[in-house]
Structures are given as C-alpha cells and as structure tokens.
Amino acid sequence: MSAAGPSQGANPAPPGGSAAAQAASVGAHQFAAGPSQGANPAPPGGSAAAQAAGVGAQHASEAPLLRVDGLRVEIPTRRGVLLALDDISFAIAPGEILGFVGESGAGKSLTGMAVLGLLDPPGRIAAGEVWLGGRRIDQLAPREMRRVRGKEIGAVFQDPLMSLNPLLQIGEQLIETIQTHLAVDQREATERALGLMRAVGIPAPEARFTAYPHQFSGGMRQRIVIALALCAEPRLVVADEPTTALDVSIQAQVLQLLRQLCREQRTAMLLVTHDMGVIAETADRVAVMYAGRIVEIGAVEDVIQAPVHPYTRGLMGAIPTLDETVGPLAQIDGAMPRLNARPEGCAFHPRCPDAIARCREQGPRLVAQGPRQVACWVAGPPQEVAQ
Amino acid sequence: MSEPLPAATVDGAAAPPLSAWHRLQDSDIVYSFRRAPTAIASALILALFVLVAVFAPWIAPQNPFDPAVLDLVDARLPPAWLPDGQLRFPLGTDGQGRDLLSVLMYGLRISLLVSSCATLFALAVGVTLGLVSGYLGGRVDNLIMRLADMQLSFPTILVALLIDGLSRSLLPRSVHEQLAVLVVIFAIGISTWVQYARTVRGATLVEKSKDYVHAAKLIGMGPLRILFKHVLPNVLGPVLVIATLSLGLAILTEATLSFLGLGVPPTSPSLGTLIRIGNEVLFSGEWWVTVMPGVCLVVLVLAINLLGDWLRDVFNPKLK
Amino acid sequence: MLRFLSTRLWNGALVMIGVSFISFLLFNYIGDPVNNLLGERATVEQREAMRAALGLDQPLLLRFFNYIGLAARGEFGISYRNIEPVSQVLMSRVPATLELSLCAAVLALGVGVPMGVYAGIRRNAWGAQLLQVVSLIGISIPSFLTGIILILIFSVELNWLPAYGRGEIVRLGGWTTGFLTSTGLKSLIMPSITLALFQLTLFMRLVRSEMLEVLRTDYIKFARARGIVDRSIYFHHALKNTLVPVITVAGLQLGSLIAFSIITETVFQWPGLGLLIIQAITFGDIPVIAAYLMLIALLFVTINVVVDLLYFRVDPRVRIE
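Protein chains in written order, with my numbering: chain A, 1 to 387; chain B, 1 to 320; chain C, 1 to 321.
The hints are simulated quantities; they were obtained by calculation from the structure and are not laboratory data. One or more hints might be untrue.
To be verified - Okay, derived cross-link-like pairs now, EDC-like style, lysine to aspartate or glutamate, Cα gap no bigger than 20 Å in a straight line:
| # | chain 1 | residue 1 | chain 2 | residue 2 |
| --- | --- | --- | --- | --- |
| 1 | C | K221 | A | E241 |
| 2 | C | K221 | A | D120 |
| 3 | B | K217 | B | E207 |
| 4 | C | K221 | A | D159 |
As the list claims (entries may be wrong) - Heads up, incomplete: computed chain A residues facing chain C, CB under 10 Å, no partners named:
| # | residue |
| --- | --- |
| 5 | M145 |
| 6 | R146 |
| 7 | G150 |
| 8 | E152 |
| 9 | L164 |
| 10 | L228 |
| 11 | A232 |
A virtual CB, placed ideally from N, CA and C, is assigned to each residue, including glycine.
Next up, chain A with everything else stripped away, as it sits in the complex (with noise of 0.2 Å):
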C-alpha cells in the first residue's frame, strides 16, 4: 500500500501525493509512493524529488536533443500503402524521458524503430524531419546511420532472451560494442565492460564474463541489455517495452536501474511502453498515441490528473485506485482501428462521446495548450487562437 494522499480524480487541482500512486497500472502491479514527479512549480536544486520536480521546467528553455517533424511512416502492402504514423511531432530535451503509451498497434515502437532507422522492410519514412542534437538523421546514409547508432542513440528492446546472441559470451558482446564506438585497447574495454556491469548490478562479474545469456535469469538480462545500450554512452536511449517481458517482481528494479542511468549521465530517454503505471514511475513526460497519431503529450503528473483529451480521459477512467471504490470500471467502448480501417477525419471519433461533425471529417493536429499539447477539436484550445 503507498503513501497516497486524497484520492483525486480527474481535476485540475494541484498536485497533492505522487502520481505513481494515483495511477495504479493497467496491468495493475503497486509501485512504492516515489518523489512526487511532474511539472509543478517546486523551486529547482535541492533534493533529488525537487530536482526531478524542476527538470520539467529546466527542460523548456534548453534546446531539444531529438526533434521529430511530421514524422509519416508508411507499410507498402499488397492490398495498398498502410499508413503507420501519421504527422508524429515531438521534442526530447537533453537527460529528459519522454513516455510513449498507448494500446498495441498503435504505433509507439514503430516511433521508436523510426527514430533509430531500424524500420523493417517494406516499411519506410515516407515524410518528416528527425533531427538529433541540431544534424538530421532520417536521411543519413547507412555507414553513418551505423555510427549513431550505439554511439549517439542507444536501444533496450523487450525481451532479453531474444535480443542477446545466445551463442556468443557476454563479455564477448560488451567489449565488441565498446570497441566499436570507443578507441579503447582489450585491456580498458575489458576495465569498462566490468564497470558497467557492476553498475547495472551485476554481482560478481568477473566470474560471470565469460558466461552465456542463457546462464542468467530474465532480470540479470535485461540488465547485460540495458549495460549494453549505456556502454559507447549515448545521449538518447530507445527504450521498447523494457520490462514487459520481465516478472512483476523484477520489473520495479529493472525501472529503476534505469532510471538512475539516465538521471547519472543525463541521458535521454523514448519510453515506449502500454503500461501507465511505468510512466507514472519514470517518465517526465509522456505523449499518448492513437492509431498512429498523438493525441495528447504533456508533463506526466497533468496528463494523469488531469486528462484532456477523450481518449487520454477514457484510459484514466479505466485505471482502479486502491484508494476509493467506484462504480464498474468505465470502458470505451470498441476498439482501436486497425491500420487498413482507419475512419475519415479524427480516428477516435467513432468511440468518442464528445464527437461533433468536424471530427467526422477533418483530423484535428496537435495543438499547444498552456505546457501541454492536445489534437482535439473539442477538447482542445479554439483552432483559431492555435500557435
């Protein structure tokens, strides 16, 4: 049971205890009450929560380490071209985790996959601008895409069994990657290798260097990814649904871990995930996707609290406390389209209980409200008064 204090729904009231216990996951697992998170106007400096606190604000005025334009992705199919993503815009500041939530299909890894340059064939961009750290990348040649990768753009996948080769030594697998990108001798890769496993909290790892992926359990694997994402140290780290494949149990830890890489190094972070609890937990801000568009991105704490858009309000709504009982959990009702089946004009309207003819025929585009951005015709700021 956490420390929450009065249970709050979906009011615009100031932040009161942690969003982490407000929004019990939908896989429904309990995080421990962490430092209170979000955008509020604590003062920076200080304690590690005020500083978490103040990284929203600090984060507004620097330039943006990734920026993603118009994003388009698109699947050629046999029966016609399947749009993917649509017009996806966002900015990751430097040592900032943006979350990317939403339902399965609804593009988050795609995103993710996008922003590495690893779509899988036939996929492509087929419009959009992604920038890193002020160079464009979407449209870099192979060799130098190559570069980016490991050095500039790390990447944590979901499952640890599959994603390390299980004929190969881990260390074998540390060292390479470290020479890759590093110009370092066998003697200090292998010196960083062991760091980085001990940082990742490895017990004992020169015992375990020379041992193979499937000598590990699921959590210790998940860490040798993670060691692996973090060793030429990048500035932004993919992170696709790093814990989903892991036990309840080890997800906390492995979250956490995370976290704390990212905070030391300042290392950004895209935290492509369907559960709202690790957002809770980890994210600064998160974008909610909906069939291949966002349709809302803000600081964290607003976005749980105070939810506007339909769907992000739906999902809320859908999320039991522990702290009060209501009523049978709301639903919305039908399901997500699927990429062949799109309806014209706003994809949610056919679920949506604020629907107004617009919605029928135009998409609304993401639009600044106050610190958040919202793609609502309704819910959203007049179109007229938009940025």
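Given chain A, work out where chains B and C should sit, using these hints.
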C-alpha cells in the same frame, strides 16, 4: 488467412459477408499465385505433362511396344532439326527404330504413375502414424519416433535401394518381375514416410493441448472425429508442401533406381530406364536417346520444385 | 551429457542388431550358408565340418550369435561372383570410394557454404538471384544425369577427360591411391563433381535460408541497434548461428555421400563399394550383400554419434542441460 474487409462506415457496421467463391479469389493463395509467374508457368507445364502421361496411349504418334509397327530402316535417326532427321520422328529414334517422342510419353506415364503412388503411400502411412503418435503419446509415440529416428540415420535413396535390392534377392525371379512396380512403390514410400510423420506429430501435439480439443473431448467427441475434424485441417498446409517437394524427390529416386537396373522392369520402362538404355550407346554418338528423356525428367522435376517452393512461401507464416 | 550419449548409443546398438539380423537371415536362408562360407569347390568333408561348426541344427538365436561372432572377426564368407573372401573384396574397394567421397565432400563444402553465405547476405543482388535459379536446377537434376552429361561433353565431344575407371593407381601398403598419377587425378574430376553437385546445391540453399532466418532475429537487430559494423554482424554474429544447424546436416550428408557414390560409381564404372553392391544385387551375390548391409549400418551409426557429439561441442545451450 485474411478476412474480407468491411467497408468503414461511421457507425462501424460491417458490409454484408462475401461468398465463399469471392473469399477464395481474395485469399492469399490465389493472390500470390496470380502474381508469381514462375508458379503459373510451373503449374501449366505440370498440367501438360500429366495430360500427356494420362492420354499417352491415345496421343502418341506410334505405339513403341508393338513390334509390327517398328522398322529397322528407321533406326538411329537423329532429331528432326538435324540433317538426316525426319519430321515423322521429331525427337529421333533409338536402335530398334522406336519413335523417341512416343517412347518418352510412355516413359513419362510410368514415371508419374510410380512416383505419385509412392508419394501417396508415404503420405498415408506418415500422416496416420504422425496423428496416432501425437495424439496417443506415451509408449506408442516413443516407439514410432524411435523407429523414425533410426530410419533417419540412413539416406532415403539408400533405404529405397536396399529394400528393392533385398526384395530382388528374396523373391524368385518370376515373382519379382510381376511385383516389380509394387516393390518400387513400396520401397520409395517406406523411405519417405518419416517427414510426414514428424510434421504431423508436431502439429498434433500443438493442437492437442488447445482448449477446443479439450472441449470436444468433454462433450464426448471420439478421438477419430477430433483428429479428422480439428487436427487434420491445421496440418494440411505443411503436408501439402512436403508432398509436392517429395513428389519431385520420388520421381528422381525412381529414375535413379531404374537407371541402376533396379526399379521398374524393362518391359515398362520409365524415364530412368530410357536414360540407362541411351547411356549404353552414348559413345556411338546417338546422344538424343539419353538426352531427350533426361531433359524431360529435369523439366518435370524443376516444375514441381518451383511449385513446391512457391507453396512453401505461401504457407510460411513468418513471411506474411 | 552422459544420458544424451547413452540414448544415442542405445539407438545405434538397436540399429546394428536389427540390420545384423536381416543380414543373418539373408545369409543363412537364401542360398546355402555352407556354400556361402566355403564356396562351390569345397569337399564333402569340408562341408560336413562346416555344417557342424555352424551348428545348423541349433536354435536360431545361437546361430545368430555365431554369425555375429564370425562377422566381428571379418568372416563374411566367399563372394559368389569373385570366389574370393568377401572381406577381401570389400577392403579392396574401400580406398576408391573413400578418395572419391573425400574429393566430393571438400568440393561440396568448400564451394557450397561460401556461396550460400553470399546469397544470404546479398540476397537481392543479381548474382544471388542467379545462384538461386541455378541451385533450383541443381536439385532437379538427378546425379546420374549430371554424370552422363559431363561424360557427353568432356569425353565424347571434347575428349579431355577419361569417362570410365580410376586411371593409373599407386599401391601404398594396403591402400591404392589415384592422387599420385595424372590419369588418376583426371579420372577423379568428373566423378567428384557429379557426386558433389547435389550436396553442393543443398548446402547452398540451406546456408542461404539459415542465414536469412538468422538475419531476421532480434539479437541481430539489437546488434545493429548498437552500431556493430556490417562485416562483424555477418561474419561474427550471424555466421556462427547459421553454421550450427549446418554442421548437423553436413555430418549427415557425409553419409549421403556414401549412398550417392553408388550412383556415381555406376555411371563412371568406378571400382568402389558402390559399384560392388550394384553388381552384387544384380548378380544375387548374397554374402556380399549381407556384409555390405552390416558395414553400411555401422558406418551410419558411427557418423550419427560423431555428429551428435560435434553438435554438443558447438552449441553451448545444449552443453549445460
């Protein structure tokens, strides 16, 4: 398999369901077929060969087994497009004056007959044993799989060869002559049942643990019905792929056995036998007697392999 | 590991017993076993002595053990065709088959595997597509036809290579080799290619498809996501995983070589074990057939056990269990 797409309407209602014919036309298999020129060409060639084989006695220009028709004057003629060739014998003649085209047609007939029977035999035995093995489990499963493993340590051609060879030693000559074709079918069939059995057993094990099979058992459905109604349809795809590729292999095996002097008796020569006969006169320059049946054999097997490859791609879920 | 090995050995033993039994039945019930062992020219006394020694009135099982005992000592009787002891006949043919098989194996692996790797890595290059087509044709042509076509081109038309036999051979102790003479080497060319071709195309297709599978895995994707260079991805990460299943197949294909050598030797009149068994079957030479059966069974059982051990050595996952 894809479902038909309902038209996207505002209230999400589905369009009326399409008929079975439309669904077939729309299905992955037919779609993929239409767009694979090699598959179409292979299917056409195969169909042509089958037709020729079935109707050989009626469409062959000459009956090469009737001594009255043959004339030694016509012996050893080259194919029609070479000097000395005659249009009457488009592919040339052999040492006895037999029209090679007609001989080929009959040879094709025997080759296809024997190999398809052998494939069907192997399929029947293999699928049955696979179903039984997978469904019953336990000691029966153990025994069958042990047998399969032991047989797998030997190459199929060797197994077929040894069975044929042994039968030759065991049976008196006259009996063997009469049974030769059956022996070949049996030999080739026995040498190839294992791959069917293994695949089917694997699929049966997967289906057996699924809930709908448990449900069927609970309502009292007998095992035979469960096997045939539920397990079998799920297994047909891979079995079809194996059968197609296995047919090609059976044709090659039969040709090899006949070439070696085992296999079908000389009174009903297959393409392999023809190649052997031609081989004996290779150095006298009459290359067409060997090459023509050879080309025919290769084209046939190539068409089957292409078709089988395409089928395998269609049924491979990972490539969807 | 011990348990794994013991299952294999047990299976192998069962196979050996089964095949020996068939061999024994063949030897003793088709044709006269006394004749088989002594030959046509034995005297009446010799026959009586043999009959007693064989214990032909003894129960089946005992005679079976006798048979195995004789076989273990290399006593397989007298060949009908050659009127020579079978063991002698067999041994004299072994070098020819082994040399041929060795050349074919080197050719099949040395050409097939690299081509398969190339076709897997550069899957859309026109060279790879061409290889695919050629390999498809390759597995559609039966061995014997390849041999005949080669003979047609290189012996009949061009007269560059000998069509039949081993050429001049050199005797080294118990072994006869064709490697040391020019006619010997020339005679090896066409039969080796013929024997290797089917295996070569098989390896090429297998390696290519394994390679493609491996390149689709998550761990390769993760390696790419870490920025590992292409060369390392292909030849360090992917190749290892590709070759592991290929090793098993390669080992089993070695046995296949022995089987296919029967065909090749027949086409080229190569005086090896393969030609021997065909002649034996056509002639009805029971002692040779029986001995060949046991020899072949032993060979394959051994190959299978060795391949399993090899797999064990190579795949760390299997080792730990």
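We went through each hint and held it up to the structure:
no.	hint	verdict
1	C:K221 with A:E241	holds, 15 Å
2	C:K221 with A:D120	holds, 10 Å
3	B:K217 with B:E207	holds, 13 Å
4	C:K221 with A:D159	holds, 12 Å
5	M145	holds, 9 Å
6	R146	holds, 5 Å
7	G150	holds, 3 Å
8	E152	holds, 9 Å
9	L164	holds, 6 Å
10	L228	holds, 6 Å
11	A232	holds, 7 Å
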